[in-house]
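K.L.:
So you can see what is in the structure, the chains are spelled out below.
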Amino acid sequence: MNNKIKAAALLLMTLPVAFSCTEKVTIKVGATYTRLVVDGHIATDLTAYDITLTKTADYFYNAPSPKVVNATVEISDGSNTYLLQETSPGNSGIYRTDPSFYGVPGKTYTLMVHLPEAIAGITDYSSSCELVHVARLDSTKAVFHSDFGQKGAWEIRCYAKDPGNEVNYYMFNLYRNGKLLTDSIQKLRVSDDQLFNGSYFDGGVMYLRGDNPDETLTVGDTITLVMSGITKEYNNFIQQCQAAGFNIPFFTGPPANIKGNISNEAIGFFAAYSNSRASAIVK
Amino acid sequence: MKHLIIVVLLYVLIPWFSVSGETPETMIKYTINGRVTDKSNGEGLIGASLYIKELNTGTTSDNYGRYSITIPEGQYTLVITYVGFLPIKKEVSLHADTRLTFEMEPRSELLKEIEVTSERQDKNIMAPEMGTFKMNIETIEKIPALMGEVDVIKAIQLLPGVQSVSEGSSGFSVRGGAPDQNLILLDDAPVYNASHLLGFFSVFNNDAIKDVKLYKGDIPANYGGRLSSVLDIHMNEGNDKEYEVNGGIGIISSRLTIEGPIVKDKASFIVSGRRTYADLFLGLSSDKALRNNQLYFYDFNAKVNYEINDNNHVYLSGYFGRDVFKNKFAGFKWGNETATLRWTHLFTKKIFANFTFLYSYYLYNLGTPDGNTTSFVWNSGLQDIGVKGDISYYLNTNNTIRFGIVSTHHSFNPGDAHGTGSSTYFQDYLVPKNYALESAVYLCNEQKIGNSLTVNYGLRFSLFQSLGPTTVYHYNENHVETDSTLYKSWTIYKTYSGLEPRLSAVYVLSERSSVKASYTRTLQYLQLAQNSTAGTPLDFWFPASPNVYPQVGDQVSAGYFRNFKKNTIETSVELYYKWMNDVIDFKDHAQLLLNKQLEGELRVGKAWSYGAEFLVRLNEKRLSGWISYTYSRTFRNIPEINNGNTYPAPYDKPNNIAIVANYQLLKRLDLSANWVYATGMAVTFPTGRAIIGGKVIPIYSDRNAYRYQDYHRLDLSVTWSGKKKPGKKFNWDLNFSVYNVYARHNTWTINFSQDNLDPNITIAERTYLFGVIPSLTFNFHF
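Quick note, the sequences are listed as chains X and A, same order. Numbering-wise (the numbering used here), the first sequence opens with residue 1 and increments by one. Numbering-wise (the numbering used here), the second sequence opens with residue 1001 and increments by one.
Incorrect hints may have been included.
As the list claims (entries may be wrong) - Which chain X residues stay away from chain A? Per the calculated CB distances, all over 10 Å, these: (1) E74; (2) Y102; (3) T123; (4) N165; (5) P213; (6) T218.
As the list claims (entries may be wrong) - Short derived list, chain X residues pointing at chain A, Cβ under 8 Å: (7) G30; (8) A31; (9) T32; (10) T56; (11) A57; (12) Y59; (13) D147; (14) I185; (15) C241; (16) A244; (17) F246; (18) P249; (19) T252; (20) P254; (21) G268.
For the record, the hints were derived by calculation from the structure and aren't laboratory data. All C-beta atoms, glycine included, are put in the ideal place defined by N, C-alpha and C.
Let the hints inform the model, and build the full structure from the sequences given.
P.N.:
And the structure:
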């Protein structure tokens, strides 16, 4: 909930910046060596999961990241190992589990990647993530605030009891009529339980702008809120990704590389988490 | 080792206790003492020169205008000079201890036409202090100001070796030091956050200020607690002869100051207030969301003083300021309070004492309106209560001894947050409060050795004791908390102490030139948890502790000073080398706010800086100002940051130029201009990228490996004054100023983002804060 305070502070402090001006500039920066990029997760739902492998590029590369194809990608839960298949062999760089796959809370999952061609001299990479359990999401609700912003905003509320004996980290995703609204890392919401540990949480976790047709709700829509239990490392990773590239001299420290969980200096995160969901019809 | 040798050499080269005095000891000596005051309002003049022609010696008045000099009996001519005042010449036939008060007359517009040759304006040559700069308020008032808000700190930033930390910011870096390494004193009370409106203005109201002095190299032994500089600001005392009103109406704020006698020639008061109305402009904004914001600050300065008799004088002064920034969803308030109660006492004609009680409080709170389940409030603050005793002993013309003791109790509240709603689910989150006692004793002597050499040597011993009640966290070698210890009230759980030698010397080569050298060691026990470049009111101070060592700084400097054309042109070159140990930086992605384990986010290492400062200062009758050029570098090496490689500090701006000029075009028309240039700030840019979850994730260069474009800016102002006639009470002037005349788009920040249409395209976007900003201020006085 530190984030909430931060957000309030940020809201206030960016105000003078509202009077400032911005302009596009051309900046010449040097090049850096290529690294492997891993992006993917598994969760407790019974479905196929994708792991995407790409390569880093120069900052102003301005094209999709180069794919990493023909790799051997496996996930192990300590007792079983699952081989992932490239969705379009030798072409897509996306590696998929069997649709019968599901994660079990309490287990630690390990991702193993073997490349046919080395990147920065390295062919083998691995990553481990514990799949932490999540509290039950009792219900959700969308509340309209006409006085927020230009055309009002929808507050998505979450009703759940936070376990008191541990530090919990949450991630929230939202579906509108079955379509995922939080379709990029920037739109996800994460939070720790620092300020409500052990309490019954009944506050807003997400705001949807009324003036943005891509996210606003209409009466009769069905929303589904997915609350996931994530690790501290993944929580930090998402926060760092969301802040990346954004620099307000008042508020942000020196830029720093994002800390993922892949070995051998590869970039990215292999996440494992548990989901709990609730739906509601917008009234 | 290298550093140690330099220090040892300095001490060996300068004789510590040479026998002094060229006058036979058998001669009878008498003391002349008293005050130098401003005739127009009775206030003491700080640093006025008293020169005895026949002996080619002299002294200067202290912070209260007092002086004392002991010389053999005889017939003398005393010359008293002070910038902006008519010199006084007085024949004295000294056959007994004498008390003389000099009332100096300000050089008014009418008197400006009278040719005045000041005989002793070469203080910059003669005084052993170096790396100091004194500014009078009139100079500051003539500098074109952002939005017409005349500002002491903005003026300071135009001096060689001093840089603004960010566009428009009142944070400053002295000789490569961090902004929290500056000790800012208002009537001796420390000011912990000297900024208003997120740093765009400083807390110092020019109308309430009498004198400003910046020590950037040679810090006298009576100051301590910060590595880089001391900014010593004294408030006006109030006119003890007649009532006076000063005021100003500007585009963003108005000011009013009233002063006058309580008991004529004995006691006086001054009250000064300021209020901005910047938020009125928000109402004009096209953005509806902005229109409902409140954004303002106000502050008050007040002082009363009472001269009980020739030997006793008491002063009580205070400052109170608040910034308010709020809208419907959140509110933010911060401010400083200071109070100083001082009794100055003359034990004898040669021994002056000051006893001071100090109070300072900085606080902020941030919260959301009550009544929601998610309402919360977050408070943070720092309070100081201190006592101080300072004694000056004017032993003889060759020795002035100063000694004193100071002790301050600090209370830190790094942050507590709790819910305020009726059915809140928020739990309190308290970062443990902590306490400390910071004390020091010092002794120093300013000694003249022969006719050419003056040495000021001193030693300060500082002591820092961490006090309970608090919780101290323990960390392993990976900075991860392992356990914690709870300490009871008033338990001293950690003590640090250190000796801080101070040494400076001037060798006068001729009447017009001198060489100076100094060595200063300083210890710093408090620091600011600030990771951003600009700094915010949310930054809070935290003390040395079992996990945080005090920072130690050493500086050597040397300079050559030369005046030309009857002292109307002062020039100087100063070189310095400064090295600092146990300086603090923060780990990558550090979490500073509301973090119980803040100390786990710190990384400690070394920093050093060096530079050369060139200054030409002109003080002609119609044209005044200065040109300064500084070459300076500043680096840090912190093992766990930037892979252990040395990196430039954020304040590393190698080339720096400031040109400040004021020209009196007509009797009633003044033109002012300043131009500043600085190498662009050192920054970290992305050199590579990865795409994760649809977002471009930057891969960064080494820390501060790139730079923003160079910074430069021209400001102009015109001041038109009303006709001044003797006996006419009402005076006015109208100031029109333009900030950033040629609309330079100076980089405040560069953000990297993805193109909206094609997210594979990455773009860099510069944010600049100010275009051309004109402003108009009307000032009046009666």
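K.L.:
All hints are to be evaluated individually against the structure, with a verdict given for each.
P.N.:
Going down the list of hints, with the structure as the test:
For E74 (chain X), the condition that its CB be more than 10 Å from all CB atoms of chain A holds, with the nearest at approximately 21 Å. Once the 10 Å rule is applied to beta carbons, Y102 (chain X) is consistent with being away from chain A; the minimum gap is 22 Å. No beta-carbon of chain A comes within 10 Å of the beta-carbon of T123 (chain X); the shortest separation is about 19 Å. Separation of N165 (chain X) from chain A is adequate, the least Cβ-Cβ distance of about 14 Å exceeding the 10 Å criterion.
At the 10 Å boundary, the C-beta of P213 (chain X) stays outside the reach of chain A, the nearest C-beta of that chain being 15 Å off. Interface exclusion of T218 (chain X) from chain A stands, the closest Cβ pair being 23 Å apart, more than 10 Å. Contact between G30 (chain X) and chain A, as hinted, is supported at the beta carbon level, the nearest pair being about 5 Å apart and thus within 8 Å. The interface hint given for A31 (chain X) holds, since its Cβ lies 6 Å from the closest Cβ of chain A, which is under the 8 Å cut-off.
Checking T32 (chain X) against chain A: minimum C-beta separation of about 4 Å stays under 8 Å; hint holds. About 5 Å separates the beta-carbon of T56 (chain X) from the nearest beta-carbon of chain A, less than 8 Å, and the hint is met. A cut of 8 Å between beta carbons decides the hint on A57 (chain X): the least distance to chain A is about 6 Å, and the hint holds. Satisfaction of the interface hint for Y59 (chain X) is found here, the shortest Cβ-Cβ separation to chain A being roughly 5 Å, below the 8 Å cut-off.
Interface restraint check: D147 (chain X) against chain A, minimum CB-CB distance 7 Å, threshold 8 Å, status holds. Annotation: I185 (chain X) was flagged as interfacial toward chain A, and the flag holds, the nearest CB pair being 3 Å apart, inside 8 Å. Taken as an interface hint, C241 (chain X) checks out: its beta carbon lies about 6 Å from the nearest beta carbon of chain A, inside 8 Å. Annotation: A244 (chain X) was flagged as interfacial toward chain A, and the flag holds, the nearest CB pair being 5 Å apart, inside 8 Å.
Among the interface hints, the one on F246 (chain X) holds; its C-beta lies about 6 Å from the nearest C-beta in chain A, closer than the 8 Å criterion. Annotation: interface hint on P249 (chain X) holds; nearest CB of chain A at approximately 4 Å, less than 8 Å. Hint status for T252 (chain X): holds, given a least beta-carbon distance of 6 Å to chain A, under 8 Å. Interface restraint check for P254 (chain X): the shortest CB-CB distance to chain A comes to about 6 Å, inside 8 Å, so the restraint holds.
The interface hint given for G268 (chain X) is met, as the beta carbon of that residue sits about 6 Å from the closest beta carbon of chain A, less than 8 Å.
Against the hints set out earlier in the document, no violation occurs for any number.
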